[in-house]
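Asks: Listed here are the chains, written in short residue letters.
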Amino acid sequence: MSGPEASSPPDGRQGWQASEPLARGVAVEPALRAARSSGRKLLVPYVTGGLGARWVEVLQAVVDAGADAVEVGLPFSDPVMDGPTIQEASLRALEGGATPPSILDALAAVEVPVPVVAMTYYNLVLRAGHRRFAKMLVDGGVRGAIVPDLPLEELGDWSPAADAGGVETVLLAAPVTPDDRLAELCARSHGFVYGVNLMGVTGERTSLAASAQVLAKRLKSATDKPVVMGFGISTPEQAVAAASHADGVVVASALMRLVLDGASPAQVGDAVGAFRAALDRG
Amino acid sequence: MTPSGDAPVRMGEPSADGRFGSFGGRFLPESLVPACQELEAAFRAAWAPDSAFRTRYRALLADYAGRPTPLTDCERLSEELGVRVLLKREDLTHTGSHKINNVIGQGLLTLEMGKSRLVAETGAGQHGVASATAAALFGLECVVYMGEVDTERQELNVFRMKLLGAEVRPVTSGSRTLKDAVNEALRDWVASVETTHYCLGSVMGPHPYPWMVRELQRILGDEAREQCRALLGGADPDVVVACVGGGSNAAGTFAGFVDTQARLVGVEAAGGSAIGRGIPGVLHGMRSYLLQDEWGQILEAHSISAGLDYPGIGPEHSYLADAGRATYEVAGDEEVLAALQLLARTEGIIPALEPAHALAWLVRAARDGTVAAGSTVMLTLSGRGDKDAEQVMAALR
Chain E
1 MSGPEASSPP DGRQGWQASE PLARGVAVEP ALRAARSSGR KLLVPYVTGG LGARWVEVLQ
61 AVVDAGADAV EVGLPFSDPV MDGPTIQEAS LRALEGGATP PSILDALAAV EVPVPVVAMT
121 YYNLVLRAGH RRFAKMLVDG GVRGAIVPDL PLEELGDWSP AADAGGVETV LLAAPVTPDD
181 RLAELCARSH GFVYGVNLMG VTGERTSLAA SAQVLAKRLK SATDKPVVMG FGISTPEQAV
241 AAASHADGVV VASALMRLVL DGASPAQVGD AVGAFRAALD RG
Chain P
1001 MTPSGDAPVR MGEPSADGRF GSFGGRFLPE SLVPACQELE AAFRAAWAPD SAFRTRYRAL
1061 LADYAGRPTP LTDCERLSEE LGVRVLLKRE DLTHTGSHKI NNVIGQGLLT LEMGKSRLVA
1121 ETGAGQHGVA SATAAALFGL ECVVYMGEVD TERQELNVFR MKLLGAEVRP VTSGSRTLKD
1181 AVNEALRDWV ASVETTHYCL GSVMGPHPYP WMVRELQRIL GDEAREQCRA LLGGADPDVV
1241 VACVGGGSNA AGTFAGFVDT QARLVGVEAA GGSAIGRGIP GVLHGMRSYL LQDEWGQILE
1301 AHSISAGLDY PGIGPEHSYL ADAGRATYEV AGDEEVLAAL QLLARTEGII PALEPAHALA
1361 WLVRAARDGT VAAGSTVMLT LSGRGDKDAE QVMAALR
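These protein sequence lines map, in sequence, to chains E and P.
Residue 1 is where the first sequence starts when you use our numbering, and the numbers rise one by one after that.
Residue 1001 is where the second sequence starts when you use our numbering, and the numbers rise one by one after that.
Rather than coming from a laboratory, the hints here were simulated on the basis of the structure.
Any given hint might turn out to be false.
[To be verified] A few chain E residues facing chain P, derived, Cβ under 8 Å: (1) L124; (2) D149; (3) P151; (4) E153; (5) L172; (6) A174; (7) T177; (8) V196; (9) V214.
[Unchecked claim] Just the calculated beta-carbon pair ranges, DEER-fashion: (10) E/D180 to P/A1059: 34 to 44 Å; (11) P/A1059 to E/E153: 31 to 41 Å; (12) P/E1152 to E/K220: 42 to 52 Å; (13) E/G262 to P/R1058: 55 to 65 Å; (14) P/Y1064 to E/E153: 47 to 57 Å.
We treat Cβ as the ideally placed atom computed from N, Cα and C, and that holds for glycine.
Could you build all of it, start to finish, from the sequences and the hints given here?
Replies: Here it is, written out as structure tokens:
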């Protein structure tokens, strides 16, 4: 039951911005399609919003180190899809007083030349109100959203608000997602399709799960949208392997572990640079 | 009492998307959606009228768990309060609480689905003990997640679970209580779903759990209704009351009385009152009333009772509250301790702290006239107080 996929502007962010002059930020899917067309693998680092006084500098450093898009976590008190590293990062950010407005205001104050995608849990969306939350994101220059506890069946309230507000909702596909569901999920995902490498929560792993490449191949044969794989990618070597059958990777816990351990923005940028270099070597 | 002008509220099947009114649903990561779909199909097939599953479930509850439990007419307490109090004695089941009704059902379902491992969360330890018991009975591996705060205040239950062959994993994240134990159980489940069933202990979580657990608990409400009619010459009680954390004993109780004229009352801990102080939100796979701040961060609940230390409530209770079919009251730690002692002294029954909340409300309501003198009240005594003896001793000192 493969649905028709929305056509996207072929020419990346410039064309998109020209057609929607009022929206802030960089639209996700056109930019990722353009980067993919240039022949490179996509690198999407994750940064927990509000984690430490210098989190915006961390964000700028990872972007400067070669990110094609950046994921910003809006921390939630009960992140059930996250392992110990992102849990700790979220908790610390919340203890530091982070709120959706404080994070989005900080983002609004900087120019980020690549798409910014918010990663959060549904209760934050619901509490703010669907339309208001979409507007808050776009005002902060955020044009994509990942809400892992909103599966296909529960998208009904959020999707129309997101679409109307100019927010691309990225859906997650799991190794256990059956084929028919995978097709629907690809059709309804915007920005990119997020392939979950393994059955489990986020967090560093010593090796890449065998399920990663199987899912990547299934997704690539199901959709023309950018396919980005995440969960458990801890080293540049794992990133290369994960990206080999997909369009790119998300790297999250490995970077936040550095921040939690006291790394400077430049050091986090260097780590992202190593992922970039490995992906470019292939 | 029915909600003004509307059709009578029934506690039937939720809608296809798992809703009771606007509450419930299945707000879960994609990785867990197929498992919930599988569980829903397995339970629907198992729960067909006159199924082999129902026969086996009922036989085990009779021969293993000791059902039916009695309904006790409390003469001395009634005299003290001026209302007639009937207690549904779930404290007399095997393992000492109503939780056994649910785990016998879910244990059997685990076998039907061909899975070999249970994970469970527990607050007071009653559901953990019940899960460990079912796992031993059915030959399943069992891991119980329990907040570190609760492993300390319920040390005896931790030991009981270990004796029964379960592994108890203390949870050190977040508030280190029931809410965080649910988080950890979900994190385990997402990584182990192929072999593992999540044996959720209350009428909460994603569809089909709120419906399934209520159905597995309705046996206590159905029994109580028949017993009341036998005792009261065919009449129903005026008031039916049960304590509410997630709300499983209350849901099972209310299911037996929802179509009578009885006033239904759920009693939450004052420090964990989701209906009284909460706002609709989404946590642990369900939309329901939740304690949360202005940005949607979940607040910690506080209660002397580990079993009621939960910032949310089962979605069907949110629905019953909004529909006006049930009301939700609160009881504070101090009056709970007093009620516990009152029951011990007047009836020779030491209740668990959880149902002592229902009793504390009743004591107050009988004294201030909220429940009229001469009324008949059916109260579900969901568990026995042995597990709390040490904590009560410390609190009364």
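Asks: Each hint needs a verdict: does it hold in this structure or not?
Replies: To see whether the hints hold, each was checked on the structure:
1. Interface restraint check for E/L124: the shortest CB-CB distance to chain P comes to about 4 Å, inside 8 Å, so the restraint holds.
2. A hinted interface residue such as E/D149 counts as satisfied when its beta carbon comes closer than 8 Å to some beta carbon of chain P; here the least separation is about 5 Å, so the hint holds.
3. Because the smallest distance between the Cβ of E/P151 and any Cβ of chain P comes to about 5 Å, under 8 Å, the interface hint for this residue holds.
4. Interface restraint check for E/E153: the shortest CB-CB distance to chain P comes to about 6 Å, inside 8 Å, so the restraint holds.
5. Restraint check, E/L172 versus chain P: the minimum CB separation of about 5 Å is within 8 Å; hint holds.
6. Annotation: interface hint on E/A174 holds; nearest CB of chain P at approximately 4 Å, less than 8 Å.
7. Interface restraint check: E/T177 against chain P, minimum CB-CB distance 6 Å, threshold 8 Å, status holds.
8. With 8 Å as the threshold, the beta carbon of E/V196 comes within range of chain P, its nearest partner Cβ sitting at about 6 Å, so the hint holds.
9. Checking E/V214 against chain P: minimum C-beta separation of about 14 Å lies over 8 Å; hint violated.
10. For the hinted restraint 34 to 44 Å between E/D180 and P/A1059, the CB-CB distance of approximately 39 Å keeps it satisfied.
11. Between P/A1059 and E/E153 the Cβ separation comes to about 36 Å, which falls inside the hinted range of 31 to 41 Å.
12. The given range of 42 to 52 Å is respected by P/E1152 and E/K220, whose C-beta atoms sit roughly 50 Å from each other.
13. About 60 Å separates the C-beta atoms of E/G262 and P/R1058, a value consistent with the hinted range of 55 to 65 Å.
14. Look at P/Y1064 against E/E153: about 37 Å separates their beta carbons, and that is not inside 47 to 57 Å.
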